[in-house]
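> The primary structure of each chain is shown beneath.
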Amino acid sequence: MDIKSLEKTAAEIRCGIIKAIHNAGSGHPGGSLSAADIVTALYFDEMNVDPKDPKMKGRDKFILSKGHAGPVQYSALAVKGYYPMEDFMTLRKLGSKFQGHPDMHKVPGIEMSTGSLGQGISAAGGMALANKLDNDPGRIYVLLGDGEIQEGIVWEALMSAAHYKLDNMVAILDHNGLQIDGKNEDVMTVAPVVEKFQAFGWNVIQIDGHDFKQILDAFKQARACKGKPTMIVAETIKGKGVSFMENNAGWHGKAPDEEQTKQALAELGGEF
Amino acid sequence: MAETMATRQAYGKTLIELGEKYPQLVVMDADLSKSTMTAEFGKTYPDRFFNMGIAEQNLYGAAAGLALSGKIVCASTFAMFATGRAFEIIRNSIGYTRANVKICATHAGITVGEDGASHQTFEDIALMRTIPGMTVINPSDGVSAKKLLEQAVAMEGPCYVRLGRAKVPVFYEDSDQLTLGRGNLVRDGKDVTIVATGIMVSEAMAAAEKLKEDGIDARIIDIHTIKPIDEDIIIKAAQETGAIVTAEEHSIVGGLGSAVAEVIVKNCPVKMAMVGQKDTYGESGKPDELKKKYGMTAEDIEAAVKNLIG
Numbered sequence: 001m002d003i004k005s006l007e008k009t010a011a012e013i014r015c016g017i018i019k020a021i022h023n024a025g026s027g028h029p030g031g032s033l034s035a036a037d038i039v040t041a042l043y044f045d046e047m048n049v050d051p052k053d054p055k056m057k058g059r060d061k062f063i064l065s066k067g068h069a070g071p072v073q074y075s076a077l078a079v080k081g082y083y084p085m086e087d088f089m090t091l092r093k094l095g096s097k098f099q100g101h102p103d104m105h106k107v108p109g110i111e112m113s114t115g116s117l118g119q120g121i122s123a124a125g126g127m128a129l130a131n132k133l134d135n136d137p138g139r140i141y142v143l144l145g146d147g148e149i150q151e152g153i154v155w156e157a158l159m160s161a162a163h164y165k166l167d168n169m170v171a172i173l174d175h176n177g178l179q180i181d182g183k184n185e186d187v188m189t190v191a192p193v194v195e196k197f198q199a200f201g202w203n204v205i206q207i208d209g210h211d212f213k214q215i216l217d218a219f220k221q222a223r224a225c226k227g228k229p230t231m232i233v234a235e236t237i238k239g240k241g242v243s244f245m246e247n248n249a250g251w252h253g254k255a256p257d258e259e260q261t262k263q264a265l266a267e268l269g270g271e272f
Numbered sequence: 001m002a003e004t005m006a007t008r009q010a011y012g013k014t015l016i017e018l019g020e021k022y023p024q025l026v027v028m029d030a031d032l033s034k035s036t037m038t039a040e041f042g043k044t045y046p047d048r049f050f051n052m053g054i055a056e057q058n059l060y061g062a063a064a065g066l067a068l069s070g071k072i073v074c075a076s077t078f079a080m081f082a083t084g085r086a087f088e089i090i091r092n093s094i095g096y097t098r099a100n101v102k103i104c105a106t107h108a109g110i111t112v113g114e115d116g117a118s119h120q121t122f123e124d125i126a127l128m129r130t131i132p133g134m135t136v137i138n139p140s141d142g143v144s145a146k147k148l149l150e151q152a153v154a155m156e157g158p159c160y161v162r163l164g165r166a167k168v169p170v171f172y173e174d175s176d177q178l179t180l181g182r183g184n185l186v187r188d189g190k191d192v193t194i195v196a197t198g199i200m201v202s203e204a205m206a207a208a209e210k211l212k213e214d215g216i217d218a219r220i221i222d223i224h225t226i227k228p229i230d231e232d233i234i235i236k237a238a239q240e241t242g243a244i245v246t247a248e249e250h251s252i253v254g255g256l257g258s259a260v261a262e263v264i265v266k267n268c269p270v271k272m273a274m275v276g277q278k279d280t281y282g283e284s285g286k287p288d289e290l291k292k293k294y295g296m297t298a299e300d301i302e303a304a305v306k307n308l309i310g
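Heads up: the protein sequence lines correspond to chains A and V, in order.
Just so we're aligned: 168 in full-length UniProt numbering is position 168 of the first sequence, and the numbers increase by one with no gaps anywhere.
Just so we're aligned: 86 in full-length UniProt numbering is position 86 of the second sequence, and the numbers increase by one with no gaps anywhere.
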């Protein structure tokens, strides 16, 4: 997909996120918006998936390790054609398929139930290992939050992916610098992330996580890298695309009211 | 003297056979493969064996990923670290996703012996049976370990298989029928029922012989599957014998005793007593010394029976 179309698609995905979280009255807009461009690039350019055959053999898989950003994956899957966007508007309501954090048995296209931080990358490592064992061409993509990497299991998973030379696995760090209680460096320093990932044996690529050219290039470089898993450190802006949410930790887990929703959608070029 | 064998030894041997039968079977460990007995599988099927290092959380998280990609996974470490340290990974990545992972955990209970309290878990059955959809299995000897492991691997979905370090008497025969989810009537009796699990089944058999000398006819049921528990055999025993003593190498909080009490209290309340670890930590010592000190021997079962119905 060309970059103009990707930008348009990302805006549509962002509108879905805002509307669904507004309807739900709760949810995580900040980290969903920061990851929207990366997730768009994955579903609309990089990954081999088929919405008509969600369990297609040999498909690529995306695991949202930062499961609280579920709305970005739900919205992307809707735009991709896995289900109508109206369905996703039931987000977080009793009886909805669209749980507060993704449930793989409820929503087509969700490969792993996540929400408890750090477990997505661990499962992703197992999936990459299985694909190696089966000579399955499918690649495994996993999105991490930067607060999430404070979890010990993340580093266990990083260590084992490098040990087993899982070059069919790509992790993307959504490095927006903020977590629930504030800035990473105030809550618990995660820096220097690039050096840490390199020291753990990963091929590390640093990009602007809102620049589609850089995102697509990074995925290409990851494919070319043999014998090592790739970590893409994507510098992002929490709340990206909605002016009053950008770089504001307060929008980690809060729903916009009607006025705020109207303004957000206007900025994104969508309709209320 | 009867043949003895640790249930972990039966596990290691059976894995080799299962590896032949199931090409999709993979085995994982966390740097304890010589103790959990998975090392032999690793030698036989090196492509299907993954040592994850001393990292139990990732052991079970990655096991989930492999299972959700179509593998049958037997993932082993000591019961303490499997069910304790990795509990929430097992709950969310294996239980909630219904991943086909068999958590085959060894060195459970007091018979860990000399390693002491840090390695003696009495909480594992309680923890595992709270997870919806988890099958909880506690074999009582080498034969039942083999038979139940085969059935666990054949079924779809998460299982916890509790295995021990110490050698224990082999009392089942290869010809004995053991079925996952069904309690096994080891000895019939009319005065009291001893509901036992794991290595306490052979202790219960010894207790029953002693009780016989005193004119007490004890029924023994082996509850090798603690979840889903065989309600019918327990209710029938309560109705017919009027008193139940449970026996487990596990805390009396939340384990077999609690599971049996949950069945009894709803269906047929009768007098009950529980033999097991009494809400305390263990210590270093020889398995037999520890069983005696912490009250998990045939004599303790015998005393509990007499106290209950005497």
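Hints listed in this document are in silico derivations from the structure and should not be mistaken for laboratory results.
None of these values were measured; they are calculated from a predicted model.
Heads up, some of the hints might be wrong.
To be verified - Calculated pairs, DSS-like style, for lysine-lysine (alpha carbon to alpha carbon, straight line, at most 27 Å):
{"hint": "1", "chain 1": "V", "residue 1": "Lys286", "chain 2": "A", "residue 2": "Lys57"}
{"hint": "2", "chain 1": "A", "residue 1": "Lys165", "chain 2": "V", "residue 2": "Lys34"}
{"hint": "3", "chain 1": "A", "residue 1": "Lys183", "chain 2": "A", "residue 2": "Lys132"}
{"hint": "4", "chain 1": "A", "residue 1": "Lys4", "chain 2": "A", "residue 2": "Lys213"}
{"hint": "5", "chain 1": "A", "residue 1": "Lys228", "chain 2": "V", "residue 2": "Lys21"}
{"hint": "6", "chain 1": "A", "residue 1": "Lys132", "chain 2": "V", "residue 2": "Lys212"}
{"hint": "7", "chain 1": "A", "residue 1": "Lys213", "chain 2": "A", "residue 2": "Lys254"}
{"hint": "8", "chain 1": "A", "residue 1": "Lys165", "chain 2": "V", "residue 2": "Lys190"}
{"hint": "9", "chain 1": "V", "residue 1": "Lys43", "chain 2": "A", "residue 2": "Lys132"}
{"hint": "10", "chain 1": "A", "residue 1": "Lys80", "chain 2": "A", "residue 2": "Lys4"}
{"hint": "11", "chain 1": "A", "residue 1": "Lys106", "chain 2": "V", "residue 2": "Lys227"}
Said to hold, decoys possible - Stretch-level coverage of chain A by chain V, calculated; a stretch enters the list once three of its residues show a Cβ under 8 Å from a Cβ in chain V:
{"hint": "12", "segment": "48-55"}
{"hint": "13", "segment": "153-167"}
{"hint": "14", "segment": "175-187"}
To be verified - Residues of chain A placed beyond 12 Å of chain V at every Cβ, according to the derived structure:
{"hint": "15", "residue": "Lys61"}
{"hint": "16", "residue": "Asp103"}
{"hint": "17", "residue": "Gly118"}
{"hint": "18", "residue": "Gln198"}
Yeah, the Cβ is synthetic: ideal placement off N, Cα and C, and Gly gets one too.
> Now tell me, hint by hint, if it's right for this structure.
We went through each hint and held it up to the structure:
1. V:Lys286 - A:Lys57: violated, 53 Å
2. A:Lys165 - V:Lys34: The given pair, whose Cα atoms are some 25 Å apart, holds under the 27 Å limit.
3. A:Lys183 - A:Lys132: Not satisfied, since the Cα-Cα distance of roughly 38 Å exceeds 27 Å.
4. A:Lys4 - A:Lys213: holds, 11 Å
5. A:Lys228 - V:Lys21: violated, 33 Å
6. A:Lys132 - V:Lys212: violated, 60 Å
7. A:Lys213 - A:Lys254: Not OK: Lys213 of chain A and Lys254 of chain A at ~31 Å, beyond 27 Å, violated.
8. A:Lys165 - V:Lys190: Between Lys165 of chain A and Lys190 of chain V the Cα gap is close to 62 Å, so the pair fails against 27 Å, i.e. violated.
9. V:Lys43 - A:Lys132: holds, 19 Å
10. A:Lys80 - A:Lys4: Satisfied, since the Cα-Cα distance of roughly 16 Å is no more than 27 Å.
11. A:Lys106 - V:Lys227: holds, 26 Å
12. 48-55: violated (count 0)
13. 153-167: With 7 residues closer than 8 Å to chain V, the segment 153-167 of chain A meets the three-residue bar; holds.
14. 175-187: violated (count 0)
15. Lys61: The assertion about Lys61 of chain A is violated, with a minimum of 9 Å to chain V.
16. Asp103: Violated, since 8 Å does not exceed 12 Å.
17. Gly118: violated, 8 Å
18. Gln198: holds, 20 Å
Going down the numbered hints, you'll see the structure goes against 1, 3, 5, 6, 7, 8, 12, 14, 15, 16 and 17, while the others check out.
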